[in-house]
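J.: So the chains spell out like this:
There are 2 protein chains.
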Amino acid sequence: MVKSIGVGLLGLGTVGAGVANIIQTPEGRHPLVSEVELIRVAVKDLQRQRKASISSTLLTNDPIEVIDDPSVEVVVEVIGGIEPARSLILRAIKNGKSVVTANKAVIARHGEEIAAAAKEAGVYVLIEAAVGGGIPIIEPLKQSLGGNRIQKVSGIINGTTNYILSRIEKEGAGYKDVLKEAQELGYAEADPAADVEGLDAADKIAILSALAFGGPINREAIPTQGITNLNIRDVEYANKLGYGVKLLAVAESLESNNHKESSLPLAVWVQPTLIPKEHPLAEVNGVNNAIFVEGDPIGEVMFYGPGAGAGPTASAVVADILNIAGISRLGSKNNSLDPLLEASSWRSCNLVKAERIIQKHYLRLKVEDSPGVIGQIGSVFGQNGVSIQSIVQFDANEAGAEIVVITHAVALGKVTASLEVIKTFKAVQGLSAQMVCI
Amino acid sequence: MVKSIGVGLLGLGTVGAGVANIIQTPEGRHPLVSEVELIRVAVKDLQRQRKASISSTLLTNDPIEVIDDPSVEVVVEVIGGIEPARSLILRAIKNGKSVVTANKAVIARHGEEIAAAAKEAGVYVLIEAAVGGGIPIIEPLKQSLGGNRIQKVSGIINGTTNYILSRIEKEGAGYKDVLKEAQELGYAEADPAADVEGLDAADKIAILSALAFGGPINREAIPTQGITNLNIRDVEYANKLGYGVKLLAVAESLESNNHKESSLPLAVWVQPTLIPKEHPLAEVNGVNNAIFVEGDPIGEVMFYGPGAGAGPTASAVVADILNIAGISRLGSKNNSLDPLLEASSWRSCNLVKAERIIQKHYLRLKVEDSPGVIGQIGSVFGQNGVSIQSIVQFDANEAGAEIVVITHAVALGKVTASLEVIKTFKAVQGLSAQMVCI
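Chains as they are written, first to last, in the working numbering: chain A, 1 to 438; chain B, 1 to 438.
Simulated from the structure, these hints should not be mistaken for laboratory data.
The C-beta atom is built at its ideal place from N, Cα and C for all residues, glycine as well.
Some hints here could point you the wrong way.
Think about it this way: if two alpha-carbon atoms lie no more than 30 Å apart in a straight line, the pair counts; the simulated DSS-like pairs of lysine-lysine are [claimed, not checked]:
1. 240(B) <-> 277(A)
2. 360(A) <-> 277(B)
3. 152(A) <-> 277(B)
4. 414(B) <-> 152(B)
5. 170(A) <-> 170(B)
6. 170(B) <-> 240(A)
7. 170(A) <-> 277(B)
8. 180(B) <-> 51(B)
9. 240(A) <-> 240(B)
10. 360(B) <-> 176(B)
11. 423(B) <-> 353(B)
12. 170(B) <-> 277(A)
13. 240(A) <-> 277(B)
14. 152(A) <-> 170(A)
15. 94(A) <-> 170(A)
16. 414(A) <-> 152(A)
17. 277(A) <-> 360(B)
18. 152(A) <-> 51(B)
19. 240(B) <-> 170(A)
20. 152(B) <-> 277(A)
21. 360(B) <-> 170(A)
22. 152(B) <-> 51(A)
23. 176(B) <-> 94(B)
24. 277(A) <-> 277(B)
25. 180(B) <-> 240(B)
26. 152(B) <-> 240(B)
27. 360(A) <-> 170(B)
Estimated spans, in silico, between C-beta atoms of each pair [to be verified]:
28. 396(B) <-> 177(A): 43 to 49 Å
29. 25(A) <-> 254(B): 15 to 21 Å
30. 236(B) <-> 393(A): 36 to 42 Å
31. 220(A) <-> 254(B): 51 to 57 Å
32. 51(A) <-> 254(B): 27 to 33 Å
33. 413(A) <-> 82(B): 55 to 61 Å
34. 176(B) <-> 4(A): 35 to 41 Å
35. 61(A) <-> 356(B): 26 to 32 Å
36. 116(A) <-> 344(B): 35 to 41 Å
37. 236(A) <-> 231(B): 36 to 42 Å
38. 172(B) <-> 171(A): 58 to 64 Å
Just chain A, same shape as in the assembly (with noise of 0.2 Å):
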């Protein structure tokens, strides 16, 4: 008879009660989950109906109880929130637990700290479903392009945001008429502000830097910028011209080929973005994660799949707990880690301005319509270095006229030069948009 593994589950909401529902149906999956116990479960309140049948007896509204239960080998966080999560994450470390958490805000600020703990007391912390849902992106990160430089990563992280954005494109439907029906439908939050204003992308673009590139970023220092603002002529305008418009997550590597600065330059920003109709990430729709990887030498990899929901989400929090199963199989020696699962950072990274960007920029300007305004714009990026990959004027009428810049990469520096030259031409009425393109 083999060993079975102990799990103590923080949380019972729709996570929780997903990942109680695949360890009590081991049939026909890895015949590891059969080997997993669920011990002890934490809940708010142990009156309320339950989406999975627990025996009551496992039932505890004290977490405390669960993390210190001597049977309870691997810790499950899905209470989600910075505290008390991070005090229980750190307080089951330090009982010598491994933890599971799908806690990205958690993980996002409080990493370090959390990873410093587990290295210490020789335990794993384990986030598959922080990011993506589903998808297994983090686990593949760590130990399947360990061998790669990463060079880049772009996703499309957030779920309800990416619903929106797809509806708005599909259907030429307002920001707000769709968010409404979407909270309605569920798949945005009563106060939706953390998913549309980019905030949950911020939280998981700096876990999948940290990662990809082997050094804590610091997540306040994100720029950051969510779709609350995102007019519907840009989306129209970039259809238009051959391009989608999603909330993309991107953190680039800025190093020189000699690879000898001491501290590696990110570029790390959280932005509605045009994307070519034919990149991959283009056909993400709906409420879908797409993780797009840039290495050496691996070239494009992409990772895709539902970025949220309990099935998906107790999926990853199931293969963190198999994953710490099967290597607790081997039984360590004097608290050694498996150096690519424990993840610890081994390099120093940070965070460039974002003038130091280079990136295809997305201008909208309201103009007189006059012959003679395109010359006067084209001349003016020209002399400052900008260079143009398309510039188009659309809807002229007796009102006024709408030119779309598209340039070629460029640091936003140069932009912002131009732009404030072309601001003060008379037949310029404004900028209306700006965004940018990969």
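Keeping the supplied structure of chain A fixed, place chain B upon it in accordance with the hints.
T.: Coordinates of chain B only, in the frame set by chain A:
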């Protein structure tokens, strides 16, 4: 000072050289790469010019010297083919060394024998590079999806045929012309049979099925049809009806809901397949590969990337080396293995006969352009319980016309029975093409 891990390389072709290049330039990669040491390299011809600069003291033309070298802990087999690869792998295992191989042919045919030997010796045999080139798919299947009941794995897993099909579709060029160009560009071998006849894809789906469903697959029993007889006309018709054509490899569980059958019935096949243009697999072009996995509770996930090439394949080989290096840090007790990483089989699978497989079918019939023929044909399908999704007449002229039928999902047997009647009609000159759709 951390102990390094000694690697012996069998083969120094493009993939072997790629692996050596990664190991010899660890800067900017995961720090574990710098602990991998190339101990010994077996090559066929000691005099040949190399793509990697290897000290001549490491080279030998005797693979046994590599395998028997006591400093070699991991043997990397990138020779390819069945023998001597199989014997060398078994000898390395017997010597107590873990093996990393990119050899799909030997794993598809002798995987069971090799896995049993590895289990007995307490070593790992890792095969990430055998399917999907650089795409992490083997380890995610083993380590990230174990909580799921896998229902279906569908893959575009042969880069050569996908390159050829993409060009046929895009340019309307003929199969033979594109094949010739692909050969000149190095995307197809001088003898392209293994690729264009679907044998390589069948090897790979055999490997993926065994991992996804947990039981060995009889490679020789996989119904396999390549692209050599694919008519450009069917690609055009498919396009008009909203489909792309891909060489698809599929493995699907036919298990009933009660999970009670002692051996899991699987439908496994390789065949040119119509894929709806909105399906993520339809967008996989050129030499790229993609593997689409459906499971409960994860839903659908897709892994996409370069399916071949020295760099991507070397990335996958190094991932496996790092996994072994990482786990060897733990110092396993009494030859125990991580049950996820060892990937032994845990149930029995059987391949069902083609007649039991439920699919949508594409049929092209040559007919006289006479009124009523569509009605006649439709009636026969109806009488045989075949429900029709669409029936369209193309290219009517004095020489006749062509009718394309796409059925709803139905067992092949019913389609075959219908066709036997339809072929007897005076107005029907023959069945020109038959494919399946997803």
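J.: Looking at the structure, which of the earlier hints fail to hold?
T.: 15, 23, 34, 35, 38
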